[in-house]
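Novice: Those sequence lines, one after another, are chains A and B. Numbering follows my numbering, in which position 63 of the first sequence is assigned residue number 63; successive positions increment by one, without gaps. Numbering follows my numbering, in which position 363 of the second sequence is assigned residue number 363; successive positions increment by one, without gaps.
To be clear, the hints were calculated from the coordinates, so they are not data collected in a lab. Remember, it's a predicted structure, so these values are computed and weren't measured experimentally. The C-beta atom is built at its ideal place from N, Cα and C for all residues, glycine as well. One or more of the hints may lead you astray.
Where chain A lies over chain B, by a calculated footprint (3+ residues, C-beta under 8 Å) [claimed, not checked]:
hint, segment
1, 80 to 90
2, 264 to 272
3, 291 to 297
The following label-pair restraints were derived from C-beta to C-beta distances [unchecked claim]:
hint, chain 1, residue 1, chain 2, residue 2, range
4, A, L240, B, R234, 53 to 59 Å
5, A, P155, B, R234, 56 to 62 Å
6, B, A34, A, N91, 20 to 26 Å
7, B, P391, A, V59, 40 to 46 Å
8, A, V69, B, D152, 20 to 26 Å
9, A, P98, B, R131, 35 to 41 Å
10, A, P155, B, S206, 48 to 54 Å
11, A, V27, B, E343, 40 to 46 Å
12, A, I66, B, D59, 25 to 31 Å
13, B, D152, A, F167, 40 to 46 Å
With a straight-line cut-off of 20 Å between C-alpha atoms, the simulated EDC-like cross-links for lysine to aspartate or glutamate are [claimed, not checked]:
hint, chain 1, residue 1, chain 2, residue 2
14, B, K130, A, E47
15, A, K29, B, D59
16, B, K314, B, D370
17, B, K149, B, E113
18, B, K294, B, D395
19, B, K373, B, D395
20, B, K130, B, E175
21, B, K314, B, E337
22, A, K29, B, E9
23, A, K95, A, D261
24, A, K29, B, D55
25, B, K373, B, E337
26, A, K62, B, E113
27, B, K314, B, D270
28, B, K373, B, E309
29, B, K130, A, D261
30, B, K294, B, E309
31, B, K156, B, E201
32, B, K137, A, E47
33, A, K62, B, D330
34, B, K137, B, E201
35, B, K314, B, D382
36, B, K314, B, D330
37, B, K294, B, D319
Spelled out from the first residue to the last, the chains are:
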Amino acid sequence: MVETEVRKTPRATTVPAVSDRDARVIVIKPAPRWPHLDVAELWHYRELLGRLVWRDVMVRYKQTSIGIVWAIIQPLLTMVVFSLVFGKFGNFPSKGVPYQIFTFSALLPWTFFAAGVALSSTSLVTNSGLVTKVYFPRVLLPLAAVTVPIADFFPAFIVLVGLMAYFSIWPSVALVLAPLFLIMAAVAALGVGLFLSALNARYRDVPYAVPFLIQIWFYLSGVVYAVSALPEKWQWVLALNPMTAVINGFQWGVLNTAAPDLGKTAVSVAATAVFFVVGLWYFRRTEPRFADTI
Amino acid sequence: MAAAAVSSEGLSKRYRIGALHGAYGTLRDSLATAARRALHHEHRPHYEEIWALRDVSFDVQQGEVLGVIGRNGAGKSTLLKILTRITTPSAGSATIRGRVGSLLEVGTGFHPELTGRENVFLNGSLLGMKRREIIRKFPEIVEFAGVEKFIDTPVKRYSSGMSVRLAFAVAAYLEPEILLVDEVLAVGDAEFQRRSLGRMEHLSQSGRTVLFVSHNMQAVAQLCDRALLLDGGRIVNDGPSAEIVAEYLQAGHGSSSSRAWGALDDAPGDELVRLRSARVLQEGAVAGSVDVRKPVGIEIVFTVLHEGEPVFPKIKVFDRQGDVAFNALDTSARWQEPTTPGEYVSIAWIPGNLLNEGLMSVDVAICSLDGTKFHHRAAQADALSFHVHDPGLGDSARGQYTGQVRGVVRPLLEWTAEER
Chain A
1 MVETEVRKTP
11 RATTVPAVSD
21 RDARVIVIKP
31 APRWPHLDVA
41 ELWHYRELLG
51 RLVWRDVMVR
61 YKQTSIGIVW
71 AIIQPLLTMV
81 VFSLVFGKFG
91 NFPSKGVPYQ
101 IFTFSALLPW
111 TFFAAGVALS
121 STSLVTNSGL
131 VTKVYFPRVL
141 LPLAAVTVPI
151 ADFFPAFIVL
161 VGLMAYFSIW
171 PSVALVLAPL
181 FLIMAAVAAL
191 GVGLFLSALN
201 ARYRDVPYAV
211 PFLIQIWFYL
221 SGVVYAVSAL
231 PEKWQWVLAL
241 NPMTAVINGF
251 QWGVLNTAAP
261 DLGKTAVSVA
271 ATAVFFVVGL
281 WYFRRTEPRF
291 ADTI
Chain B
1 MAAAAVSSEG
11 LSKRYRIGAL
21 HGAYGTLRDS
31 LATAARRALH
41 HEHRPHYEEI
51 WALRDVSFDV
61 QQGEVLGVIG
71 RNGAGKSTLL
81 KILTRITTPS
91 AGSATIRGRV
101 GSLLEVGTGF
111 HPELTGRENV
121 FLNGSLLGMK
131 RREIIRKFPE
141 IVEFAGVEKF
151 IDTPVKRYSS
161 GMSVRLAFAV
171 AAYLEPEILL
181 VDEVLAVGDA
191 EFQRRSLGRM
201 EHLSQSGRTV
211 LFVSHNMQAV
221 AQLCDRALLL
231 DGGRIVNDGP
241 SAEIVAEYLQ
251 AGHGSSSSRA
261 WGALDDAPGD
271 ELVRLRSARV
281 LQEGAVAGSV
291 DVRKPVGIEI
301 VFTVLHEGEP
311 VFPKIKVFDR
321 QGDVAFNALD
331 TSARWQEPTT
341 PGEYVSIAWI
351 PGNLLNEGLM
361 SVDVAICSLD
371 GTKFHHRAAQ
381 ADALSFHVHD
391 PGLGDSARGQ
401 YTGQVRGVVR
411 PLLEWTAEER
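Only chain A is shown next, with the shape it has when bound in the complex (with noise of 0.2 Å):
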């Protein structure tokens, strides 16, 4: 039957030496049913995420043909249009700062979380090829494409600060806090992430709800118009939506507009953190049966 000479070598008897580091037994059992997160395992995958982010951001330059120049054209064409029809035409309020510059450093960390949130919600699906083939921490995909964004925010940034060289604005000591708004807008989406993409993993509905959800979210978001200037009530049920004070908290920093009401940014920080829980939650919840159902 078989015609090939079969040919084994004695052993050798040694066992090369393994260091301590990469010794380690893992247990496969069946699923939980209260999940957690590894939180050392997440950490023992670092570089993976590092290596998602790079990928996604190389891959992005590599398909477009002027690719960083995207990251400029869009928020700048779309303060041009919303400066026409909503500060010209509409005279929406502004905080008191030319609405160019008032709608464009609001553009900035809105298109962060909603290239996010869309990014994230399909990035099960988009990596089902890794899914089903290949064993890490299912978290690190959500994670890795809340990330990416960040690589077409700096150049965004960099018209900004042109913006506010040619309006003469000058940035309040609050700039160092932007980064934590961010932040904070970053944990938004990846809750919301998280969420969505472990229901798109089953339900193929999700990638049309998400422009949806996310044009609905845009107006509530005070991208277009200054949240303060609505009457106290509403701005207290907006602050429900992290991207209030996100958006507030920024352009406090890099507009030295009027400092974020502390009340209602706990609100929008509470939120988030629920967000980010249940998204999680459900996620960890739904992960076992990822690679089944993908």
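Since chain A is already given, all that's left is putting chain B on it; use the hints.
Specialist: Just chain B now, kept in the frame of chain A:
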């Protein structure tokens, strides 16, 4: 004795058929079901359940090379998916001691837009390698894959063989303590298969544990010490690989570039003619992987038991999708006359530059003509299989083209052209 590298206890995996269909279900369906249940107090719908894996227990000692064989759907892939933690078991547990490297279909995570170099780093970190580890092994990986010239070319311009070689090289140089492999040897040319087997042998000889799931019976028999035979999700046989493989092939399963039927009475056939053996040949040797440019011989050895009506050998070649590439029968005068008892060796030569690349399988038969129909006296479906590869030297029907060529056949035609 040290603890087993892999020990599995009662591993089981249950799929709900309903849930499988629900994989692409819409949200509306689920909401509607939930609403119906709430309104009418219906119970949970009954799903049909299948056990893809049932109560599978085994130990693999450190340094042991274990083959897992079985028909499609026997549970081989499910077992590997559980051991690589891609999916979770429904019951049972498994303990793995050591760093695991897995090879579930090579090229996992290769991105076509990225270059070979970039993909090595991406793939390496997916397999759990650290950056400095990849940097250290990079020259070896590239050399093993033989893609030095194209390392900075996007992988989308690679031939399938090139990307497979590169992917295998990354995984092979991961140097895990436990390597889980699924069907890599079905791809690539003979030279690469030889090197891959060599690499796996090297890994096992240096004390690594290997779990090897394959349809390639020769590779299992050659490479593994021990084999598990799965059927219907259960282990039905466990023992030395040569014995298990022989029994499996004997039972008419598996595919190989060479097979033989033992006892004459058990061999496929009737009172007139019996099959004895079948082999795929190229350049005078049995070949599991053949060069597309050179002729391939399908050898059938059969025994005619007594004088009788004329019989003739016939082959039917299928491609991987199961489409019939062609049927062929020996029409020579020798088979027009009544047969005389004895053992016959018949070889059908498939010309070079006819088949397309990929896995081919062959049905062999000894037939007689029953009016206008073939009467299959001795037949074996899926008797042989072999892999057709293109060395990519530019002298095949491919020319300099490296992409996918569609079609069951890929003949090298004679073209004429003139300037008008």
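Novice: Work down the list of hints and note, for each, if the structure agrees.
Specialist: Hint check:
Counting residues of the segment 80 to 90 of chain B whose C-beta lies closer than 8 Å to any C-beta of chain A gives 10; at least three are required, and the coverage claim holds. For the segment 264 to 272 of chain B, the assignment as covered by chain A is violated, since 0 residues bring a beta-carbon within under 8 Å of that chain's beta-carbons and 3 are needed. With 0 residues having a beta carbon nearer than 8 Å to a beta carbon of chain A, the segment 291 to 297 of chain B misses the requirement of three or more and the stated coverage is violated. Restraint check, L240/A to R234/B: a C-beta distance of roughly 54 Å satisfies the suggested window 53 to 59 Å.
The hinted window of 56 to 62 Å between P155/A and R234/B holds, with their beta carbons roughly 59 Å apart. One distance hint, 20 to 26 Å for the beta-carbon pair A34/B and N91/A, is violated here, with the actual separation near 47 Å. Remark: the range hint 40 to 46 Å for P391/B to V59/A is contradicted by a beta-carbon distance near 31 Å. For V69/A and D152/B, the Cβ-Cβ distance of about 25 Å falls inside the hinted range of 20 to 26 Å, so the restraint holds.
Distance hint check for P98/A and R131/B: the Cβ-Cβ separation is about 46 Å, which falls outside the suggested range of 35 to 41 Å. For the pair P155/A and S206/B, the beta carbons lie near 49 Å from each other, so the given range of 48 to 54 Å is met. Here the CB-CB span from V27/A to E343/B is close to 57 Å, at odds with the stated 40 to 46 Å. With their beta carbons about 58 Å apart, I66/A and D59/B fall outside the hinted range of 25 to 31 Å.
Between D152/B and F167/A the Cβ separation comes to about 45 Å, which falls inside the hinted range of 40 to 46 Å. At most 20 Å may separate the alpha-carbon atoms for a hinted pair to count; K130/B and E47/A meet this at roughly 7 Å. For the given pair, K29/A sits about 16 Å from D59/B by alpha-carbon distance, which is consistent with the 20 Å threshold. A C-alpha spacing of about 15 Å is found between K314/B and D370/B, which places the hinted pair at or below 20 Å, so the restraint holds.
Pair hint K149/B plus E113/B holds up; C-alpha atoms about 17 Å apart against a cutoff of 20 Å. For the suggested pair K294/B and D395/B, the alpha carbons sit about 11 Å apart, so the restraint of at most 20 Å is met. For the hint linking K373/B to D395/B, the alpha-carbon distance of about 41 Å lies beyond 20 Å, and the restraint is violated. For the suggested pair K130/B and E175/B, the alpha carbons sit about 12 Å apart, so the restraint of at most 20 Å is met.
Distance hint between K314/B and E337/B is fulfilled; the C-alpha atoms sit about 16 Å from each other, no more than 20 Å. In summary, the hint linking K29/A to E9/B is supported, as the alpha carbons are separated by about 10 Å, within the 20 Å threshold. The suggested pairing of K95/A with D261/A holds, with an alpha-carbon distance near 14 Å, which does not exceed 20 Å. Our distance criterion of 20 Å between C-alpha atoms is met by K29/A and D55/B, whose separation comes to about 13 Å.
A threshold of 20 Å between alpha carbons decides the hint, and for K373/B with E337/B the separation of about 18 Å falls inside it, so the pair holds. A C-alpha spacing of about 7 Å is found between K62/A and E113/B, which places the hinted pair at or below 20 Å, so the restraint holds. At roughly 16 Å between alpha-carbon atoms, K314/B and D270/B fall within 20 Å of each other, so this suggested pair holds. The hinted pair formed by K373/B and E309/B meets the criterion: a straight-line CA distance of about 14 Å does not exceed 20 Å.
Taken as a hint, the K130/B and D261/A pair is broken in the structure, with Cα atoms around 46 Å apart against an allowance of 20 Å. Note on K294/B and E309/B: the hinted pairing is violated, with a Cα-Cα distance of about 35 Å set against a maximum of 20 Å. Taking the CA atoms of K156/B and E201/B, the gap is near 31 Å; set against the 20 Å cutoff, the hint is violated. Restraint check for K137/B and E47/A: the C-alpha separation of about 17 Å stays at or below 20 Å, so the hint holds.
Simply put, K62/A and D330/B have alpha-carbon atoms about 55 Å apart, too far for the 20 Å limit, and the pair is violated. For the hint pairing K137/B with E201/B, the CA-to-CA distance comes to about 19 Å; that is within 20 Å, so the pair holds. Of the pairs offered as hints, the one joining K314/B and D382/B holds, with about 13 Å between alpha carbons and a cut-off of 20 Å not exceeded. A C-alpha spacing of about 7 Å is found between K314/B and D330/B, which places the hinted pair at or below 20 Å, so the restraint holds.
Distance check on the hinted pair: K294/B and D319/B sit about 18 Å apart at the alpha-carbon level, within 20 Å; holds.
Of the numbered hints listed earlier, those contradicted by the structure are 2, 3, 6, 7, 9, 11, 12, 19, 29, 30, 31 and 33.
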